[in-house]
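Each chain, letter by letter, is given below.
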Amino acid sequence: MVRFIHRILHRIKTMLPPNLRWNSLLVVMSFSTTFIAVVAVLMITFAMNNRFNASIDRTTEQNNTQIVDNVSDSIDSYLKEIRSVSDTISNLLINYNPEKVFNFYHLVLRDDIDTIAVFDAQGELVMKTDSRNLKENVDIKRQNWFRSVAPGSRMYMFTGPHVQRLYKGEYRWVISLSTGVEWTDGENKHQGVMLVDLNFNNIEEMCSKELGEKGYLYIIDKNGELIYHPRQQMIYAGIKDKTIPIASALDDGSEIIKRDGDRILISVKTLRNADWRIVGVSPLNGLFAYDAELRIFISLIVISVVLLIIFLSVIVSFFITSPMYRLMRLMGKVEEEKFNTYYVARGVHEVKELSFAFNQMVYKIKRLMEQIVEEQQLLRKSEMKLLQAQINPHFLYNTLDSIMWMAESGDQKNVVKMISALAQFLRLSLSGGYDTILVADELKHVENYLIIQKMRYNDQFDYEITYDEAVLQCKTLKIVLQPIVENAIIHGVANLPYKGKITINAGVRQDRLFFKVIDNGFGIRPEILDNILEEKPTTRSGMGVYNVNKRIQLMYGAEYGLQFESQPDEGTTVSIILPLAK
Amino acid sequence: MRRVICFGLLVLLIVVSLSSCTAIKKTYSVDLIVKTTNSEFWASVYDGAKAAGAEYNIDLRFLGPSKEEDHHVQVSIIKQSIQQNPDAIILAASDYHLIAEPVEIAVESKIPVILVDSGVNSDKWTSFVSTDNYKAGEVLAQEIEKRVGGSAEIVVISFVKNSLPSLERTAGFSDYINDKTEMKIVEIVYCDSDIDKAEQLTVEILQKYPEVQVIAGLNAQSATGAARALEKLERSDIFLAGIDCTVEEADYMEQGILDVAVLQNPYLMGYFSVETAYNVLTGKRVERNIHTEVYVIDKENMFSEEYQRLIFPFY
Numbered sequence: 006m007v008r009f010i011h012r013i014l015h016r017i018k019t020m021l022p023p024n025l026r027w028n029s030l031l032v033v034m035s036f037s038t039t040f041i042a043v044v045a046v047l048m049i050t051f052a053m054n055n056r057f058n059a060s061i062d063r064t065t066e067q068n069n070t071q072i073v074d075n076v077s078d079s080i081d082s083y084l085k086e087i088r089s090v091s092d093t094i095s096n097l098l099i100n101y102n103p104e105k106v107f108n109f110y111h112l113v114l115r116d117d118i119d120t121i122a123v124f125d126a127q128g129e130l131v132m133k134t135d136s137r138n139l140k141e142n143v144d145i146k147r148q149n150w151f152r153s154v155a156p157g158s159r160m161y162m163f164t165g166p167h168v169q170r171l172y173k174g175e176y177r178w179v180i181s182l183s184t185g186v187e188w189t190d191g192e193n194k195h196q197g198v199m200l201v202d203l204n205f206n207n208i209e210e211m212c213s214k215e216l217g218e219k220g221y222l223y224i225i226d227k228n229g230e231l232i233y234h235p236r237q238q239m240i241y242a243g244i245k246d247k248t249i250p251i252a253s254a255l256d257d258g259s260e261i262i263k264r265d266g267d268r269i270l271i272s273v274k275t276l277r278n279a280d281w282r283i284v285g286v287s288p289l290n291g292l293f294a295y296d297a298e299l300r301i302f303i304s305l306i307v308i309s310v311v312l313l314i315i316f317l318s319v320i321v322s323f324f325i326t327s328p329m330y331r332l333m334r335l336m337g338k339v340e341e342e343k344f345n346t347y348y349v350a351r352g353v354h355e356v357k358e359l360s361f362a363f364n365q366m367v368y369k370i371k372r373l374m375e376q377i378v379e380e381q382q383l384l385r386k387s388e389m390k391l392l393q394a395q396i397n398p399h400f401l402y403n404t405l406d407s408i409m410w411m412a413e414s415g416d417q418k419n420v421v422k423m424i425s426a427l428a429q430f431l432r433l434s435l436s437g438g439y440d441t442i443l444v445a446d447e448l449k450h451v452e453n454y455l456i457i458q459k460m461r462y463n464d465q466f467d468y469e470i471t472y473d474e475a476v477l478q479c480k481t482l483k484i485v486l487q488p489i490v491e492n493a494i495i496h497g498v499a500n501l502p503y504k505g506k507i508t509i510n511a512g513v514r515q516d517r518l519f520f521k522v523i524d525n526g527f528g529i530r531p532e533i534l535d536n537i538l539e540e541k542p543t544t545r546s547g548m549g550v551y552n553v554n555k556r557i558q559l560m561y562g563a564e565y566g567l568q569f570e571s572q573p574d575e576g577t578t579v580s581i582i583l584p585l586a587k
Numbered sequence: 049m050r051r052v053i054c055f056g057l058l059v060l061l062i063v064v065s066l067s068s069c070t071a072i073k074k075t076y077s078v079d080l081i082v083k084t085t086n087s088e089f090w091a092s093v094y095d096g097a098k099a100a101g102a103e104y105n106i107d108l109r110f111l112g113p114s115k116e117e118d119h120h121v122q123v124s125i126i127k128q129s130i131q132q133n134p135d136a137i138i139l140a141a142s143d144y145h146l147i148a149e150p151v152e153i154a155v156e157s158k159i160p161v162i163l164v165d166s167g168v169n170s171d172k173w174t175s176f177v178s179t180d181n182y183k184a185g186e187v188l189a190q191e192i193e194k195r196v197g198g199s200a201e202i203v204v205i206s207f208v209k210n211s212l213p214s215l216e217r218t219a220g221f222s223d224y225i226n227d228k229t230e231m232k233i234v235e236i237v238y239c240d241s242d243i244d245k246a247e248q249l250t251v252e253i254l255q256k257y258p259e260v261q262v263i264a265g266l267n268a269q270s271a272t273g274a275a276r277a278l279e280k281l282e283r284s285d286i287f288l289a290g291i292d293c294t295v296e297e298a299d300y301m302e303q304g305i306l307d308v309a310v311l312q313n314p315y316l317m318g319y320f321s322v323e324t325a326y327n328v329l330t331g332k333r334v335e336r337n338i339h340t341e342v343y344v345i346d347k348e349n350m351f352s353e354e355y356q357r358l359i360f361p362f363y
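If you read the protein sequences in the order shown, they are chains F and L. Heads up: the first sequence begins at 6 in our numbering, then just goes up one per residue. Heads up: the second sequence begins at 49 in our numbering, then just goes up one per residue.
Hint data in this document are derived by calculation from the structure and do not stem from the laboratory. Some hints could be false.
With a cut-off of at most 27 Å between alpha-carbon atoms, the simulated DSS-like pairs for lysine-lysine come out as follows [stated by the list, open to error]: (1) K280/L <-> K173/F; (2) K332/L <-> K219/F; (3) K140/F <-> K280/L; (4) K173/F <-> K245/L; (5) K74/L <-> K214/F; (6) K173/F <-> K347/L; (7) K98/L <-> K219/F; (8) K247/F <-> K98/L; (9) K98/L <-> K245/F; (10) K245/F <-> K183/L; (11) K245/F <-> K332/L; (12) K214/F <-> K98/L; (13) K247/F <-> K332/L; (14) K449/F <-> K386/F; (15) K247/F <-> K74/L; (16) K219/F <-> K74/L; (17) K347/L <-> K140/F; (18) K74/L <-> K263/F.
Isolated chain L (complex conformation) (with noise of 0.2 Å):
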């Protein structure tokens, strides 16, 4: 009996030196795969997702298709990328529906995807990075009543009609101002993430319902569409709220165009989603669903301390 303890020990006192060899950090690569490359938004994702990978050793490829409703394109460009063989996939879905397949693909050739901001109509996903989505759009129809309040028309500009947050947001929006106030949306219009087009629609609008008080746009080129199209018409008696607020929309929100804005916190989304995908590849236990905060910003307090730091990135 003493012999076989010697020898567990010394197979023990081997397989500590040999295992203080492979205790190295190992480098895994992820790829972030996002709506559009040419957002600002997205580029805050990015630098989140980039001080996660440089803290916790991951190399980062982003992608992404040029336009967001380029749905296909972002299909393809999953699937080049489970080609390559990422140790992991961070998602945001362009399209509800469509991107479904690309993700249990990946996740059937053992890639785990990590969502960030938009979902898909699958359940293979190992955890969710977001804002929430329904309270973002309540929040924004709370301070709506809260500032413009009675019987106020409203029409709501959203994005693109199958990505999870539009539908969201929609939903957050409307289901507050339908059961908790006298306002009534008189009409929803989507821009598919195009400012010209959020731009035209508002002009459309403004002549289509003269009488609508407030300009609901539920994402950044929505209510930067908006924006432009009311400052060109001069029309700043018109209440415009948005969510996201770009470094434009704070010019606006300066200039008294946009008075209200829900504030995302896109960094820190890239952030949480490369700290995810790095405790998933470490075996770590993850939530299913991370919701980042949202904030309410307007001309008040935009240049506080606190939400200057959100609006304005750091360079």
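Extracted from the complex, chain F is given alone in its bound form (with noise of 0.2 Å):
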């Protein structure tokens, strides 16, 4: 499985443009500095999200202490007001009777108090502010506002929430302020307990503070008993409040606790005219949860910073890119050979510099490939030269000997016929300097030595010339017969026992140009036939052969040169073979 997903990611590589695969220079720069720059852009939003945090962490607890502070002072004046009607009645009852009293309370009744109502030391009702009949069989002594504070006493006492059940069908959540007063009746004197019933009208609106987006406010008394809620219904059917545990064994002021991965605020303020306490709580998420908005605009801004940088890495890393890969493609046309390559330099300093050494270096390479063909071409006409050269001085010397002994005889015709065949032999050797002569011309050479050699040799042999009309006026590299046919005299026809011949032959086959030197001589062994080409022989007409053959491929390249065919006995073929030149 993995070998094949190599298989198929080295096929994708190997179809991909060079500047797009995995490790080309565009792909890791474009890579590199995108995931450098993504890295830093999270960090540094990493590092302002903390920051911002903390200062949300830092605002929201001095606005959370504030505002309660607030709502306790506003309760607290509250309870203070509900206190001093309470104090006002009581007051009133020491010198007045309670009906007299409560005519006049009558007025000053509020929404938010339920009922105000005097019962004396048995539970008795004395006095109340409404005209809703009490219950019959209603209990006061058992109910707990009635039992906490000693009838006659002065002192009141609030009671938590409790259902109050003193009207017929009404089931009343309220809290219960009880003060122990006395008062006149006649000439008697009465204790008793006064009841005010407040409904949470009041301290629901107080609490209704807005404590950040989820934030809440909620009463508790000393004991961590619940006085008010927002959601008192839910934490009366038994869904806890996990934070009022935490609140109330908290002192007064701001704490963050950190409950199952939340972070919350939690903001205590105990009252001053009840032990109760006022809380405050909100919880910290941070900068991302604190506004949706905020949210998506901040992650909408780094989505588009990280794409910008993608966008501008790639494009930065193709303009850096992009000149080198058209000197990597030049480098390749180098490469093919083809020197008239140069580049014309664009884009970063460092390339420019590149490449304006790239074409500091092809030039040189041009130059000197250009110097090496010069320094060879003279190479080879000094060679060919010394080659030519090396033909000459013992044949002259024979030739000029044999007509010296021709002339002593007295043998005039043929000193004169020899010294004609000399001439015109040497004039075409020596023809002005060039390399190359007509085929017309090599044949009248060969013939003048044929005629030169056959009288110095007595008629040992006859020769035959023939040639295809056409050739005569093609050229060809000058003397290539005259080694050859110089070496069948020598080592074919000169010694043989019968009369020799030689048969030049010059025509054109393939497209080329052919000479043929055939002798009945003793032909050529094997053994040195094998090797006639090879080696640089060491005697002098061998040295000829060779140095023909090397001249010819000097001239025209390995294919031309001379080829060999000999029986023992029966002679030898030579055969020159030349390019068709005309």
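Make one complex out of these two single chains by using the hints.
Printed below as a string of structure tokens:
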């Protein structure tokens, strides 16, 4: 499986243009710059987020503390107000009889006070503010608010939320303020308890202050029992608010509590007029939870910055690498030996420098190549001169020796013939320094040589020269036939017991010019034949053949040159193959 | 290989930054379809549901027929709700058999159904939040045994014949009375969750069985109707036991007409049903059956701190 994936990746890799492969500079640069930039952006975002969160925490803390202070102030003054209502009535009760007092207080009844009533020490109703009738068989003495203060004691006590059941069919949740009161009815002093039932209207309103997005305020007493909570019914049904036990253990002030991975800010303030504590709770979820719009905004910014970075890094990498790829392609051309390439520098400084150096290098290579070609030609010329030059002296010496002997014996006719042949032979040999001559001239040259040699060897052999008319006007390297013929005479026909024959043939075959030198002499031994052109021979005559071949190949290349066929005692055929040139 | 890792990291970073966008809390819409919208019990369920809805960011619609016995109205309400394609339906089935089909339609439409209080004859629902009704009937029977005992004759006023709570409470009650006590159930009548009918039935029962000592009302309407009749007839000597306790019943209890009541926690049922719906929608595992507690209240303990909180709604 892994190998399969590797193979597919490899396929993709080879199909991609070179500047898009994984290890190409463009890709590596794009990825690395993108990666670094993205990491940087995220780190900055993270750091900023933390910084923001810390400042949001601080602001929230200040805010909440202030709100809790404000709410506790207003609840404090509310409770004080309720107490002053109670105090006023109990003060009035000392001097007036309850009926008068309550007729007066009828006027100031307010919608946050459910009931104001006075009960005597036995729990019997003495007077109340409204006209609703008390339920029969209601046992006042068993109720907590009644038992919490001693009748006539002037003490007061708030009793937390409970269902008031004074009236038929009415079961209202109230907070009761009970005060021990005294009053005089005629001569008799009475003691009893006054009840002020508060409903939650005002408290609810005062606690409905916004505390951040998900924050809320509630009231507990000093034992951690709930007085008021915006979700009172929920808690009564059994869903706990986990912050209540925490808050009841805290001192006044604000504290951040970590709970189940959430951070909660709890601010507590104890009231002056009751044993109650105001608790403000708000979750601290940081910047991202603070405001959905801000969250989207920041995410969008981060994403667009990342996209921008990707875009820019690709662009920049492309800008930097594309001249390098051009340079790379040009180098490829140079590899194909196209030296007429040079680079017009664009892009970054380093690439310019590089391409300048490249141009210099290509120029130098080109110069060096030309120089080498030139030098090679010079070398070849001088070598050819050298090879050509080796033909002459012995032959000339021997010929002149023959002429001398003929002249001495008075054979005038042959002297003339020989000198005339030698003259023509030399003229062609030294023909103006040209390397190539007409085939006709070459044939004439070898014929003159044969004339001379036939006379010197006393007609020991005959010769014949045949040719296609067409080849006479072709060009050939000069003096290729004479060394071959020399060899054929010396090693072939010179010492034959019968009369030898040398045949020279010139023609065209397969678009090539060829000469054939055929003799009927001794032939060449196979072991010599095999190496005849390979090694530089030590004998002078072998040298001639070797040089001819060498010259032809230096001039025209390895596909041209000499070919030998020989049968011992039957003769030798030497083919000279040359390019066909007019 | 290194490059592949670099690339992977990059993709990861982009995904993380993208997903931070989508992490914004979704608001779900949930329909709460109850047996009737005209009842203190269901109002309390709705209150609990609302509280959970506020907690979990859920748009809640409170739907139901105006009369509990209008099963067909409830069927069409469920079908209309399915048309609206809410994220989930919380349902209190008014009929065990009739409501099974619409429940299955809803589930086929990929709307999860959470049952509250009353079940249906189908197993396609996701979760069922209820009182253990069999146990409620049993506890009621135990209390009667404890407080009356002997070989007392009992008349049971149940409510709707084919609703699951009615069946289960009746079964729990009768099983205990028949198997564990000397007492005798002389008749089981059905008031169709109609207070007036329950009152009427009580009057008839008292004529028909003059020896009867105990009346057991298996839901709020049954017990309330019975209490009204007993008050009018001044028959507080009859031991009246009920399941649920409305404010009106609390008043009868204070007067000594209603002697004992087994209390459910409808608010908590409502709360749990929405919480369960939220858990289903957010892919958390939920219990198939969720039971809320029952409590026994009487004249002595009804104003105790614990029970007054459950009986009297805080507003």
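Checked hints:
| no. | hint | in the structure |
| --- | --- | --- |
| 1 | K280/L <-> K173/F | 17 Å, holds |
| 2 | K332/L <-> K219/F | 23 Å, holds |
| 3 | K140/F <-> K280/L | 18 Å, holds |
| 4 | K173/F <-> K245/L | 25 Å, holds |
| 5 | K74/L <-> K214/F | 26 Å, holds |
| 6 | K173/F <-> K347/L | 15 Å, holds |
| 7 | K98/L <-> K219/F | 16 Å, holds |
| 8 | K247/F <-> K98/L | 20 Å, holds |
| 9 | K98/L <-> K245/F | 16 Å, holds |
| 10 | K245/F <-> K183/L | 25 Å, holds |
| 11 | K245/F <-> K332/L | 21 Å, holds |
| 12 | K214/F <-> K98/L | 21 Å, holds |
| 13 | K247/F <-> K332/L | 22 Å, holds |
| 14 | K449/F <-> K386/F | 25 Å, holds |
| 15 | K247/F <-> K74/L | 25 Å, holds |
| 16 | K219/F <-> K74/L | 16 Å, holds |
| 17 | K347/L <-> K140/F | 15 Å, holds |
| 18 | K74/L <-> K263/F | 25 Å, holds |
Checked against the numbered hints above, the structure breaks none of them.
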